[in-house]
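Fit chain B to the given chain A structure using the hints.
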Amino acid sequence: MVVTHEDLDRAYDRSRVSAARRSLGLRGHVSLLWLLVGPGILVMLGENDGPSMLSYAATGAKFGIGFFLPFVVLTFVMALVVQEMTVRLGAATHRGHAELIFERFGPFWGWFSVIDLSFGNFLTLVTEFIAIRAGFGYFGVPPWAAVLVALVVLFSALLSHRYWTWERVTLAAAACNLVFVPVALMAHPQWGAIGHAMLTWTPLPHANQETLLILLSDIGATVTPWMLFFQQSATVDKGLTTKDIRFGRIDTVLGAGLAALAALGAIIATAPLFGHIGAANFEAAQFAQALEPVVGHIGASLFALGMIEAGIVASITISTSSAYAFGEVARQPHSLNLPVNQGKSFYAVLCLCAAVAAAIVLIPNLPLTFVVLVVNVVAVLAMPPALVFLYLLVNDPQIMGDVRSPRWANVLAAGVVVLLTAAGVLYGISVVFPRAFTWLGS
Amino acid sequence: MEETKHISEEEVDWVLENLERDQLVQKKSAPVPRRQLRGGELALVWALRIYLIFMMVVVFWQAWAAVR
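For the protein sequence lines, the chains are A and B, in the order given.
In terms of the working numbering, the numbers along the first sequence are unbroken and rise by one, the last being 442.
In terms of the working numbering, the numbers along the second sequence are unbroken and rise by one, the last being 1068.
Hints may contain errors.
[What the hints assert, rightly or not] Some but not every residue of chain B turned toward chain A, in silico, with C-beta under 10 Å:
1) I1007
2) N1018
3) L1019
4) K1028
5) R1035
6) E1041
7) V1045
8) L1048
9) Y1051
10) L1052
11) V1059
12) F1060
13) Q1062
14) W1064
15) A1066
16) V1067
[Unchecked claim] Counterexamples of contact, computed for chain A against chain B with all Cβ distances above 10 Å:
17) L8
18) F67
19) V77
20) R168
21) E292
22) D402
23) W408
Rather than coming from a laboratory, the hints here were simulated on the basis of the structure.
For each residue, glycine too, the CB sits at the ideal point set by N, CA and C.
Next comes chain A alone, as it looks inside the complex (with noise of 0.2 Å):
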């Protein structure tokens, strides 16, 4: 039997897990959580990402408090929906997304697969640097700084060439996504407004193009083809079996919660500017700047940092998933625990996704614009193709054995593809059709 450094680092990791599981109480309980989250976390916190708050601070500019609280709340249950199921699968099989695709349904089907995971990654990625160097902008930092202390953050959680304290620095990371929930706090929110808006999802928006791109554009922030790949591999990467899914769905339930909380807070703090700042404002440092004379200075710069937080978390955890999917399908070592020398191709398209779409973004007269206008929508369009090979692989009784789907949790990822076809679909029609909403009031 061969074993490597990958097994010892893994085996570390699991005896600690061996050894909280044998103490007794709350204590062993409490100790099990600490080593099992992580994935759950870190995936639902680093799609809290750039766009992500751009997208729910447009939503709280354009529509003030009202349909989209409960919406985004229910878009981060389908989000949780689909997360679980790449726990189980991860745990199950010990293999990455991109990995099974490509073996159980052959490369036809797997290269599609990564081509959509990496034009949708290098999208995203580019959009997380826009939105970095805008929230850096606020602080009058100049582009080229503000995206190298990003690449330096990126490279310094990658030091210890261990998944564990990879894992821990970028969780401490994109704790700082709370940061929107005191600004939304300053912002002197109205409660009784958010109540009413949570229990009965009014008042609506009207029934129009520009509804319809931020609907789907707040369903983006939330539901990812990259999620998929991260949580599955970095499943696989820490080390959990089957025995740890209990603790692998409260890891995803933790992370969707606290991520909910970050985007309702971005929601909450941008509402005041609701009929003074238009959806196309899409600069951070613009909504910072708008903020200002309701939050105070402190307020708008708690704004800006979050951006900036959002937009660093991002780029680690979506250049991760591009190179754990490279690997995966070129069959070379992908793992946070492999030393620079066993794992040269990993790092190196980590860090060169990263690298090439910081620069793109200090490439002067660029239509970044465009960029962050589709990156969600593209997120969503691209959701249905890639759930439906994750539906039929959590379904496969030979590689899932006796943690395959329940009934119950079909239903619901069934659910969730209509309901993300359908916004799809709807988006389409509109745009082919721009008179096809008028007769609904617009």
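Leaving out everything else, chain B in the frame of chain A:
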């Protein structure tokens, strides 16, 4: 393999105690058996592929028009 040179026998035993066999890098390099997509499944993945390509054209056309 070069990377196994510095791992002692005791460490190998310890790794085998703490990891499931399927978690070992060597085991993971073995391919998962292929499965053919059935008629309905194949139709669905093709339908969604066509949907994705068509919608991408729509989105990029609209976003490009908006930016211009």
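Status of the hints after comparison with the structure:
no.	hint	verdict
1	I1007	6 Å, holds
2	N1018	4 Å, holds
3	L1019	5 Å, holds
4	K1028	6 Å, holds
5	R1035	5 Å, holds
6	E1041	6 Å, holds
7	V1045	6 Å, holds
8	L1048	4 Å, holds
9	Y1051	7 Å, holds
10	L1052	6 Å, holds
11	V1059	5 Å, holds
12	F1060	7 Å, holds
13	Q1062	5 Å, holds
14	W1064	6 Å, holds
15	A1066	6 Å, holds
16	V1067	5 Å, holds
17	L8	6 Å, violated
18	F67	23 Å, holds
19	V77	22 Å, holds
20	R168	20 Å, holds
21	E292	28 Å, holds
22	D402	14 Å, holds
23	W408	21 Å, holds
Consistency note: the structure conflicts with earlier hint 17 alone.
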